[in-house]
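Participant: Here's the letter readout for the chains.
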Amino acid sequence: MTPLTPTALPRGGAASRAALPGKAALAAGLLVLALLPVMTGASNYMLGLLISALILAGIALAWALLGNLGGMVSFGHAAFFGVGGYASALLSGKLDLPVLLTVPAGGLIAAAASLAMLPALRLSGPYFALAILAYAQIFRILATEASWLTGGGAGLQGIPGLPSVFGLDLASRTGSYLLLVAIVTLCALAYAAVRRSPVGLALRAIAESEDATRVVGVNSILLKSMMLLLSAFIAGVFGALNAHIIGFLEPEYAFSGIWSLMPIIAAIFGGYRTVIGPIGGAVIIYLFDQVVAKGLIAVGHQIILGIVLVVMVLAAPNGLLGLIRAKGDRDAAA
Amino acid sequence: MIELLLQALFSGLLVGGVYALVALGLAISFGAMRIINLAHGELVLLAAYCAYVVEARAGLDPYLAIPLALVVVTLVCTAVFLMIDRIRDHRELNSLILTFGVGIVLTNAILLVFASDVRTTSSPVLQDATVLEPIYAMNGELIAFALSLVLMVALWWWLRKSWYGRAVRAVSSNRAAATLMGISPVRTELTAFLVAGALASFAGVALFTMSVVQPALGHALTVKAFIVTVLAGVGSIPGVFLAAILLGITEALTVTLASSALQELVGMVLFLLVLFLLPNGLFGARARRG
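So the sequences go chain by chain: A and B.
Following the numbering used here, the numbering of the first sequence begins with 8 at its first residue and continues without gaps.
Following the numbering used here, the numbering of the second sequence begins with 690 at its first residue and continues without gaps.
Please keep in mind that the hints were generated in silico from the structure rather than gathered at the bench.
Where a beta carbon is used, it is the ideal one built from N, C-alpha and C, also for glycine.
Keep in mind that the hints are not guaranteed to be accurate.
[As the list claims (entries may be wrong)] Not close to chain A: a few residues of chain B, all C-beta gaps over 12 Å, as computed:
hint : residue
1    : L749
2    : K850
3    : A905
4    : T939
[What the hints assert, rightly or not] Below, a list of computed lysine to any residue pairs in the SDA-like style, where the Cα atoms sit at most 25 Å apart:
hint : chain 1 : residue 1 : chain 2 : residue 2
5    : A       : K30       : A       : L330
6    : A       : K301      : B       : I776
7    : A       : K101      : A       : I253
8    : A       : K101      : A       : E152
9    : A       : K334      : B       : R777
10   : B       : K850      : B       : R876
11   : A       : K30       : A       : A209
12   : A       : K30       : A       : V201
13   : A       : K334      : A       : R202
14   : A       : K101      : A       : I145
15   : A       : K301      : B       : V802
16   : A       : K301      : B       : S805
17   : A       : K334      : B       : D778
18   : A       : K301      : B       : L764
19   : A       : K30       : A       : L186
20   : A       : K334      : B       : P968
21   : A       : K334      : B       : I776
22   : A       : K101      : A       : I148
23   : A       : K334      : B       : R775
24   : A       : K334      : B       : R780
25   : B       : K850      : B       : A866
26   : A       : K301      : B       : L931
27   : A       : K30       : A       : T192
28   : B       : K850      : B       : L883
29   : A       : K301      : A       : R180
30   : B       : K850      : B       : L942
31   : B       : K850      : B       : G871
32   : A       : K301      : A       : I291
33   : A       : K301      : B       : G871
34   : B       : K850      : B       : S862
35   : A       : K334      : A       : I253
36   : A       : K301      : B       : A905
37   : A       : K101      : A       : D176
38   : A       : K301      : A       : L327
39   : A       : K301      : B       : L801
40   : B       : K850      : B       : L759
Here chain A stands alone, though its shape is the one from the complex (with noise of 0.2 Å):
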């Protein structure tokens, strides 16, 4: 039972539509800054590293989904990501599906897998996180055994890549990026939306009191299973998109722990109870640990991202963007 704590409880109505001036400024700014890599025309080094990036971003988005309004703290998205990666790659190399078909098909795929997990919604935090550990494990061995349809150890070659759409290539570096930039964007209005709904703000009464808010007569497992799809399917569709960016799936790597582990501290650190955090996150945290960390440390690099998490829970378990607004809430009644 957590006690109902200042912090984390839904900001006020009249105070979030006095900053929506701000908010508009701010997702302007981002917008450009998103834009920046291109219009300066990075590497295709740096392209690369920032598409991994936005993957990464996507499902720590999926993740904080699940983790904010949900409650629930999940250490299994890689099978998400495994799920979606995998059937779109099927559906489009054995199929020959369009690409730009299979890659939702491929997120509404893993939605459907994790009908499996329904019934781990009625177990408490603890307890969830372990459930579907297991359950990507499940995932990871099925993969491997199942080489008739997956290619077994060797995993899939020549994965089909992502299309041209009006003159622009998606398979180049900078398609890619665009591509992701786009579904990144639409991923976070659509869990800005829900958040906003009244169903956001029955889970977030929910992840407060769940006793509470059953007697209420809020029908709790129903609201978490719909949380549970979105995620799964958010990352799912992050999974089919990486995988037709590098045209080659294995069951360790598609199912790799790196997928359930990396979204939690890019989600952590960045403030997982909002919607930009995530995404700040990811790309902050990946391209930490892909330049400093790795050329510091070349073996066990993410000792450092370790270190970044339990000082994150101790110093800003709401993350940067917390720590931020804590400073600015400070600035505000001084």
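For this one, chain A is given, so just place chain B on it according to the hints.
Facilitator: For chain B alone, kept in the frame of chain A given last:
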């Protein structure tokens, strides 16, 4: 075929003994603090690498590493406890994420220092097999199993008879009432956490003497300990022991009858089935549904 099955049953029993040690530590700290320590497997691994250092670098018997392992793991446990104790909001979820982070740090620290190579004991005595026709066992496995039996009885006695043990049980069953009886919940939680660490130390040294260890194993050990805890249900030492043996034997039988790739799968499926269908576990008394 019968001989193969007998061998599988026996090997599963011996492995189950070490699973039980790993799982008991986890169950004790969870029982007292209601907090899952996701770095528990990494603590076990830390102790295993202490045994490796003592044997490979100092040339001593790996069991002589137990004092070193106890010191190292106790230090880490105390640090982790102090960190968990600092968490105020959303204690359950934040401590889960915190210990997850500690696990990442420990795994990568071990990777940094010892590289990703697989390590095991080189002691000829431990690796020698004792043959009891038609089955056999490595001496290391037999000693580790005996050690886990002794520790389980010791733990059972401690929880039943000692003041601190009874305090741990009191806090675990009703924290508020225990506080009213003059028990300091924080000190009791620390005690339970350190006892869990001590069990992890023994488990790690035993693991090194009977099997192979590598840096990535910590996470898998935590998961195994959880499978056992969930199978057992909360609150019974014999339950944990039986569940651990059950998991060990099921895994060994899967390897013998099907394939080694499916070994992990069986544990996971068993875990989910029991979690979904029998929320009190096979031997537990208390409900865990939220």
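Participant: Does each hint fit the structure? Answer for all of them.
Facilitator: Going down the list of hints, with the structure as the test:
1. L749: Since the minimum Cβ distance to chain A is about 27 Å, L749(B) lies beyond 12 Å and the statement holds.
2. K850: Holds, since 30 Å exceeds 12 Å.
3. A905: Non-interface label on A905(B) violated, nearest chain A Cβ at 9 Å vs cutoff 12 Å.
4. T939: 15 Å, holds
5. K30(A) with L330(A): Since the Cα atoms of K30(A) and L330(A) sit roughly 18 Å apart, the hinted pair holds (cutoff 25 Å).
6. K301(A) with I776(B): 30 Å, violated
7. K101(A) with I253(A): 17 Å, holds
8. K101(A) with E152(A): 19 Å, holds
9. K334(A) with R777(B): 19 Å, holds
10. K850(B) with R876(B): 18 Å, holds
11. K30(A) with A209(A): With a Cα-Cα distance of about 23 Å, the restraint between K30(A) and A209(A) holds, given a limit of 25 Å.
12. K30(A) with V201(A): 17 Å, holds
13. K334(A) with R202(A): Holds - the C-alpha atoms of R202(A) and K334(A) are around 24 Å apart, at most 25 Å.
14. K101(A) with I145(A): Holds - the C-alpha atoms of I145(A) and K101(A) are around 24 Å apart, at most 25 Å.
15. K301(A) with V802(B): 16 Å, holds
16. K301(A) with S805(B): 17 Å, holds
17. K334(A) with D778(B): 18 Å, holds
18. K301(A) with L764(B): 29 Å, violated
19. K30(A) with L186(A): Cα-Cα ~23 Å, so holds.
20. K334(A) with P968(B): 44 Å, violated
21. K334(A) with I776(B): Holds, at about 20 Å.
22. K101(A) with I148(A): Holds - the C-alpha atoms of I148(A) and K101(A) are around 22 Å apart, at most 25 Å.
23. K334(A) with R775(B): Between K334(A) and R775(B) the Cα gap is close to 21 Å, so the pair holds against 25 Å.
24. K334(A) with R780(B): Roughly 23 Å between the alpha carbons, so the hint for K334(A) and R780(B) holds.
25. K850(B) with A866(B): 20 Å, holds
26. K301(A) with L931(B): 44 Å, violated
27. K30(A) with T192(A): 14 Å, holds
28. K850(B) with L883(B): 18 Å, holds
29. K301(A) with R180(A): 23 Å, holds
30. K850(B) with L942(B): Distance of about 38 Å is beyond 25 Å: violated.
31. K850(B) with G871(B): 18 Å, holds
32. K301(A) with I291(A): This hinted pair holds, its Cα atoms lying about 14 Å apart.
33. K301(A) with G871(B): Distance of about 51 Å is beyond 25 Å: violated.
34. K850(B) with S862(B): 17 Å, holds
35. K334(A) with I253(A): 41 Å, violated
36. K301(A) with A905(B): It holds: about 19 Å lies between the C-alpha atoms, which stays within 25 Å.
37. K101(A) with D176(A): 23 Å, holds
38. K301(A) with L327(A): 22 Å, holds
39. K301(A) with L801(B): Satisfied, since the Cα-Cα distance of roughly 13 Å is no more than 25 Å.
40. K850(B) with L759(B): 23 Å, holds
In this structure, the hints that do not hold are numbers 3, 6, 18, 20, 26, 30, 33, 35, in rising order.
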